[in-house]
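K.L.:
Read off the chains here:
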Amino acid sequence: MFYREAGQYKTSYKADMSVFPLLQDRIGIIAILAIAFVAVPLFASEFIILSVMVPFLVFALAAIGLNILTGYTGLISLGTGAFMGVGAYACYKLTTLFPGVNIIVWIIVSGFFSAAIGVVFGLPSLRIKGFYLAVATLAAQFFLQWCFVRIPWLYNYNASGAIEVPERTLFGLAITGARSSPEVRYLVLLSIVVFLTWIASNLVHGRIGRSWMAVRDMDIAAELMGIKLLPTKLLAFAVSSFYCGVAGACMMFLWYGGGEANDAFNVNQSFIVLFMVIIGGLGSLIGSFLGAFFISTLPTILKFGVPAVGIPLTGALAEHLTHIMVGALIIFFLIVEPHGLARLWQIAKQKLRVWPFPY
Amino acid sequence: MAYRIFIGPFVEMVTIPDLFVQTVWEGFVGGVLYALIALGFVLIFKASGVFNFAQGIMVVFAGLTLVGVYEKFAAFGFSGMLAAYAALVVALAVMFALAVAVERVVLRPLVNQPDIILFMATFGLTYLLIGLGETIFGGSPKVMIAAQLGLPSGSIDLAILGGRVSLQMLDIAAAVIAIVMIAVLAFFFQYTRIGRALRAVADSHKAALSVGISLNQIWIIVWFTAGIVALITGIMWGARSDVSFGLQTIALKALPVLILGGFTSVPGAIVGGLIIGIGEKIGEFYWGPLFGNGIESWLAYVIALAFLMFRPQGLFGDKIIERI
Chain A
13 MFYREAGQYK TSYKADMSVF PLLQDRIGII AILAIAFVAV PLFASEFIIL SVMVPFLVFA
73 LAAIGLNILT GYTGLISLGT GAFMGVGAYA CYKLTTLFPG VNIIVWIIVS GFFSAAIGVV
133 FGLPSLRIKG FYLAVATLAA QFFLQWCFVR IPWLYNYNAS GAIEVPERTL FGLAITGARS
193 SPEVRYLVLL SIVVFLTWIA SNLVHGRIGR SWMAVRDMDI AAELMGIKLL PTKLLAFAVS
253 SFYCGVAGAC MMFLWYGGGE ANDAFNVNQS FIVLFMVIIG GLGSLIGSFL GAFFISTLPT
313 ILKFGVPAVG IPLTGALAEH LTHIMVGALI IFFLIVEPHG LARLWQIAKQ KLRVWPFPY
Chain B
764 MAYRIFIGPF VEMVTIPDLF VQTVWEGFVG GVLYALIALG FVLIFKASGV FNFAQGIMVV
824 FAGLTLVGVY EKFAAFGFSG MLAAYAALVV ALAVMFALAV AVERVVLRPL VNQPDIILFM
884 ATFGLTYLLI GLGETIFGGS PKVMIAAQLG LPSGSIDLAI LGGRVSLQML DIAAAVIAIV
944 MIAVLAFFFQ YTRIGRALRA VADSHKAALS VGISLNQIWI IVWFTAGIVA LITGIMWGAR
1004 SDVSFGLQTI ALKALPVLIL GGFTSVPGAI VGGLIIGIGE KIGEFYWGPL FGNGIESWLA
1064 YVIALAFLMF RPQGLFGDKI IERI
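Keeping their order, the protein sequence lines are chains A and B. The numbering of the first sequence is the numbering used here, which starts it at 13 and goes up by one. The numbering of the second sequence is the numbering used here, which starts it at 764 and goes up by one.
To be clear, the hints were calculated from the coordinates, so they are not data collected in a lab. Misleading hints may appear alongside valid ones.
For the chain B half of the interface with chain A, some residues (derived, Cβ under 8 Å), not all of them [unchecked claim]:
| # | residue |
| --- | --- |
| 1 | 1065 |
| 2 | 1075 |
| 3 | 1078 |
Quick reminder that beta carbons are idealized off the backbone N, C-alpha and C, glycines included.
Generate the whole structure from the sequences, applying the supplied hints.
P.N.:
If you want it as structure tokens, here you go:
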């Protein structure tokens, strides 16, 4: 009763192929966008924006990147953290070499550097697959992480040994650096995420996305159907690394603001993004968002939410509990809903569509 | 530069042979310990097709339990060798309980799911064990009770090749224990009833089930065996440094060992472990300074990756045949 497709006729192929075929879905997505763009910066507190929304958006972008590789193309990658790092360091080098160009341009462009590195490390994917490939991507993770520490040129020989984010402006408003306000950073980040999600949605719904999914479902059969495996897999690596790279640049410039850089791109970060993809749902864009929101807010909830309702919890214990809960929840989710939160979302929509009848 | 990469290190190896022998020995000991972790992986992968990411944390958890329980005993005034072995028994019991719990809670509900789901489940297990270990035993590093367990200490110096090579007694003990354990495992797999059942399960779950082998039982046995291997690895590795959560990163070092040796081969794990252990020590010692040191962190992976380009299934791995 909440919404029905009855009466909504599709009279052209274009309408039939659309991503949101139902009017109510389109209204829903517009409402969500309106809340994200207008209501959140107006009404949310600085704390909510900086420690909930910004991490969520950064991780959502990274999760989309990994989902393209793992969910859509079926190649497991444990090198996400390193590819994010490539984006961050590329963006830093670019903006210090050419300070005149707007930082948003460089954040996007740094993704291409990450994509190039991703293609290099994706080359073995034709010969090896499955867990062997996962280990091969770990090689990327450790090698690149070593580069970030050992090559001082990457961080401009800073004494701190890390990226120091300079102040950059847009229309006179500071969007990076110490003087930038959380709202501005949030809006810039949100625009980038929405734009890139739109592109990703078009990619995965089109010819390229179909060839990725064919490779995922059975690569030999896909090859027989005329899909060239190596270019398809390498393209998946490139696009995936592009998204991860942009996420890394956003993370460093719009969230962390420098410092902690060496530790930000370690192997744990790769694992966390992989959790997001798995819990959110493999091969689903909405799942990337749900998974990222779930995993990135869980520690915050445990740290600030639980003491707020009166249960005392020390910082160390909260951290241990986060580990236990994340671990237990991963196992729980895998058993109860292996298709992730995206599947729950689908079920909820279906229920709303047929309500009050069960089917 | 070319000289320093292609000629210099070899000249150094030949002219100062005792240093070379020392480096190889250290690599050998490291390799044995990598091989032990890889062995835990292989056991589980063979019998259940699960890529057990949690093997590394199982090593830490087993070591922590042993030391933690011993500390509890010592607090009651019960210390010394007897207490150490009592703690060892408790740690074994905990590993058994863990094996049963994993089988009941994780594996049984996830039967027939795709590989990646099972792989992710062991990720969950990893985080769970990290959290549990930190909550129960605290996050700070602990000293392994090597002396109380009767492990030898000190070192012996050998005068060979015109120089002196120093061998830690503990490392020798580690190598001996590892060799004994591998021999026992090989015997267990080859000649006992349960061992044959394990191999049957490894070949085909369905066929094993149809001849009356209980999968659940086999899984518990395999995880328990992996737990014992983890405990021994934890003791040996913990005695060399401390028992701390930093140790779990050595599990990531065992992954290149695995792909080098093949996921399903016990000899592969051992040979791969030795190649990686010795290779990375030599690489770090002779070539590391040229690249600003620390290349140990990725050298193993690059060796394994280069190797995979020529033989994708690893040294002893089963040949992958694909059909439509």
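K.L.:
Would you mind marking each hint as holding or not holding in the structure?
P.N.:
How the hints compare with the structure:
1. Interface hint status for residue 1065 of chain B: upheld, as the beta-carbon distance to the closest one in chain A is roughly 6 Å, under 8 Å.
2. About 5 Å separates the beta-carbon of residue 1075 of chain B from the nearest beta-carbon of chain A, less than 8 Å, and the hint is met.
3. Below 8 Å, beta-carbon pairs count as interface contacts, and residue 1078 of chain B has none with chain A, the closest being about 13 Å; its hint is therefore violated.
Hint 3 alone, counting from the list given before, is not met by this structure.
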